[in-house]
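Since the structure of chain A is provided, determine the placement of chain B on it from the hints.
The listed protein sequences derive, respectively, from chains A and B. Count along the first sequence starting at 1, add 527, and that's the number in the numbering used here. Count along the second sequence starting at 1, add 527, and that's the number in the numbering used here.
The hints are simulated quantities; they were obtained by calculation from the structure and are not laboratory data. Be aware that a few hints might be false.
Taking lysine-lysine and the BS3-like style, the derived pairs with C-alpha atoms no more than 30 Å apart in a straight line are [what the hints assert, rightly or not]:
{"id": "1", "chain 1": "A", "residue 1": "K623", "chain 2": "B", "residue 2": "K536"}
{"id": "2", "chain 1": "B", "residue 1": "K616", "chain 2": "A", "residue 2": "K543"}
{"id": "3", "chain 1": "B", "residue 1": "K602", "chain 2": "B", "residue 2": "K686"}
{"id": "4", "chain 1": "A", "residue 1": "K644", "chain 2": "A", "residue 2": "K686"}
{"id": "5", "chain 1": "A", "residue 1": "K602", "chain 2": "B", "residue 2": "K536"}
{"id": "6", "chain 1": "A", "residue 1": "K536", "chain 2": "B", "residue 2": "K536"}
{"id": "7", "chain 1": "A", "residue 1": "K623", "chain 2": "B", "residue 2": "K543"}
{"id": "8", "chain 1": "B", "residue 1": "K543", "chain 2": "A", "residue 2": "K543"}
{"id": "9", "chain 1": "A", "residue 1": "K616", "chain 2": "A", "residue 2": "K572"}
{"id": "10", "chain 1": "B", "residue 1": "K550", "chain 2": "A", "residue 2": "K550"}
{"id": "11", "chain 1": "A", "residue 1": "K543", "chain 2": "A", "residue 2": "K644"}
{"id": "12", "chain 1": "A", "residue 1": "K536", "chain 2": "B", "residue 2": "K550"}
{"id": "13", "chain 1": "B", "residue 1": "K623", "chain 2": "A", "residue 2": "K543"}
{"id": "14", "chain 1": "B", "residue 1": "K602", "chain 2": "B", "residue 2": "K579"}
{"id": "15", "chain 1": "A", "residue 1": "K572", "chain 2": "B", "residue 2": "K616"}
{"id": "16", "chain 1": "A", "residue 1": "K550", "chain 2": "B", "residue 2": "K616"}
{"id": "17", "chain 1": "B", "residue 1": "K644", "chain 2": "A", "residue 2": "K550"}
{"id": "18", "chain 1": "A", "residue 1": "K543", "chain 2": "B", "residue 2": "K579"}
{"id": "19", "chain 1": "B", "residue 1": "K665", "chain 2": "B", "residue 2": "K721"}
{"id": "20", "chain 1": "B", "residue 1": "K572", "chain 2": "A", "residue 2": "K579"}
{"id": "21", "chain 1": "B", "residue 1": "K602", "chain 2": "A", "residue 2": "K536"}
{"id": "22", "chain 1": "B", "residue 1": "K550", "chain 2": "B", "residue 2": "K536"}
If we take Cβ atoms under 7 Å as the criterion, some of the chain B residues that face chain A in the derived model are [what the hints assert, rightly or not]:
{"id": "23", "residue": "I534"}
{"id": "24", "residue": "A535"}
{"id": "25", "residue": "S540"}
{"id": "26", "residue": "L542"}
{"id": "27", "residue": "P545"}
Don't be surprised by glycine CBs; every beta carbon is placed ideally from N, CA and C.
Protein chains: 2
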Amino acid sequence: MQYPEPIAKLIDSYLKLPGIGEKTATRLAFFTIDMEESDVVTFSKALVAAKKDLSYCSICGNITENDPCVICADKTRDQSQVIVVEQVKDVMALEKMQEYRGLYHVLHGVLSPIEGKGPEDINITSLLRRLQQNSQIKEVILATNATPEGEATAMYISKLIKPANIMTTRLAHGLAVGSDIEYADEMTLYNAVKNRQEI
Amino acid sequence: MQYPEPIAKLIDSYLKLPGIGEKTATRLAFFTIDMEESDVVTFSKALVAAKKDLSYCSICGNITENDPCVICADKTRDQSQVIVVEQVKDVMALEKMQEYRGLYHVLHGVLSPIEGKGPEDINITSLLRRLQQNSQIKEVILATNATPEGEATAMYISKLIKPANIMTTRLAHGLAVGSDIEYADEMTLYNAVKNRQEI
Numbered sequence: 528m529q530y531p532e533p534i535a536k537l538i539d540s541y542l543k544l545p546g547i548g549e550k551t552a553t554r555l556a557f558f559t560i561d562m563e564e565s566d567v568v569t570f571s572k573a574l575v576a577a578k579k580d581l582s583y584c585s586i587c588g589n590i591t592e593n594d595p596c597v598i599c600a601d602k603t604r605d606q607s608q609v610i611v612v613e614q615v616k617d618v619m620a621l622e623k624m625q626e627y628r629g630l631y632h633v634l635h636g637v638l639s640p641i642e643g644k645g646p647e648d649i650n651i652t653s654l655l656r657r658l659q660q661n662s663q664i665k666e667v668i669l670a671t672n673a674t675p676e677g678e679a680t681a682m683y684i685s686k687l688i689k690p691a692n693i694m695t696t697r698l699a700h701g702l703a704v705g706s707d708i709e710y711a712d713e714m715t716l717y718n719a720v721k722n723r724q725e726i
Numbered sequence: 528m529q530y531p532e533p534i535a536k537l538i539d540s541y542l543k544l545p546g547i548g549e550k551t552a553t554r555l556a557f558f559t560i561d562m563e564e565s566d567v568v569t570f571s572k573a574l575v576a577a578k579k580d581l582s583y584c585s586i587c588g589n590i591t592e593n594d595p596c597v598i599c600a601d602k603t604r605d606q607s608q609v610i611v612v613e614q615v616k617d618v619m620a621l622e623k624m625q626e627y628r629g630l631y632h633v634l635h636g637v638l639s640p641i642e643g644k645g646p647e648d649i650n651i652t653s654l655l656r657r658l659q660q661n662s663q664i665k666e667v668i669l670a671t672n673a674t675p676e677g678e679a680t681a682m683y684i685s686k687l688i689k690p691a692n693i694m695t696t697r698l699a700h701g702l703a704v705g706s707d708i709e710y711a712d713e714m715t716l717y718n719a720v721k722n723r724q725e726i
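Same shape as in the complex, but just chain A (with noise of 0.2 Å):
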């Protein structure tokens, strides 16, 4: 005996999730069944909204409901600065800062030879057009990740931006708030150590 037709497509739907394999995806749809049914309604609509309702902003590449995205919309943000990041949720995390003013730009991944993604497989290219087109950009801040991916990202980037004469910067690398010396890596005490500022 299989499972009833309705369960059985239910569990080849979350199979298709990543990281969810064949216990936990018939234990989600076992789940499901026992849900309240506005639940599962609200669900099912929020799944086909969130792909028919969003888009990448076309400027800066972050998901947005309305092309350009609330950020490249609003006039009232410093147009001079750029932040590029790896993802969109970067950008929360950013925002949620609620310090920084200017503009970003989502790569939406990293140069990774091992995963073979070279420059034209991520945001690269719209990010020169757009610092070509718009003079007002005078910094392009590089906040990938503190990868080696990212690293190199980063360096590839501000190597093709040098020549157009724009001040590219680097996120500052040291200790986390909150973080103990005894624990933290070589490299992030190196970095601490080299970039110590006087008090």
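Just chain B, lined up with the frame of chain A:
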């Protein structure tokens, strides 16, 4: 800046699933946006279908599209045996064996004083009623899990059934196929020695 509403709603829906926290829900929501539209629509429909088209069999408690379920409706099956299991998934596991041709009864849980689950919270009343109304049933095979709660539930049910003069049996306990004696726990070894069989 918050996430656009469609994605925030989808994150909320994913958060309602068991074992999925804020980070995973966000990852799944972003993954959904990058999925093929047809897959998202299929997923969305499967959710509602699983909720609307499935119910529990009024006889055995198994999950089904039609009531009674295919197993209860199949008169070629052995009507004299009923295997009592904790969950629907256990029915599927036993059916995969392709050896058993009797009926089932799904408890939908076990007695668990810690979780406040008493006899009225699981399908015991319907089992007793079924045994009273159906004189064809000669044997009840208690196939609750080999956990303290499963054992207690089996003991509890066997005591309730005893007066009705129906044979109650319990699945054999011993070494699992492919398992190492070295790594077997003491209770498993104790059961394996106690229930040893002549060859």
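Evaluated hints:
no. : hint             : verdict
1   : A/K623 to B/K536 : holds (19 Å)
2   : B/K616 to A/K543 : holds (21 Å)
3   : B/K602 to B/K686 : holds (29 Å)
4   : A/K644 to A/K686 : holds (18 Å)
5   : A/K602 to B/K536 : holds (28 Å)
6   : A/K536 to B/K536 : holds (23 Å)
7   : A/K623 to B/K543 : holds (24 Å)
8   : B/K543 to A/K543 : holds (18 Å)
9   : A/K616 to A/K572 : holds (23 Å)
10  : B/K550 to A/K550 : holds (21 Å)
11  : A/K543 to A/K644 : holds (23 Å)
12  : A/K536 to B/K550 : holds (26 Å)
13  : B/K623 to A/K543 : holds (24 Å)
14  : B/K602 to B/K579 : holds (27 Å)
15  : A/K572 to B/K616 : holds (28 Å)
16  : A/K550 to B/K616 : holds (10 Å)
17  : B/K644 to A/K550 : holds (25 Å)
18  : A/K543 to B/K579 : holds (22 Å)
19  : B/K665 to B/K721 : holds (27 Å)
20  : B/K572 to A/K579 : holds (15 Å)
21  : B/K602 to A/K536 : holds (28 Å)
22  : B/K550 to B/K536 : holds (14 Å)
23  : I534             : holds (5 Å)
24  : A535             : violated (9 Å)
25  : S540             : holds (4 Å)
26  : L542             : violated (10 Å)
27  : P545             : holds (5 Å)
In the structure shown, a violation is registered for the earlier hints numbered 24 and 26, in ascending order.
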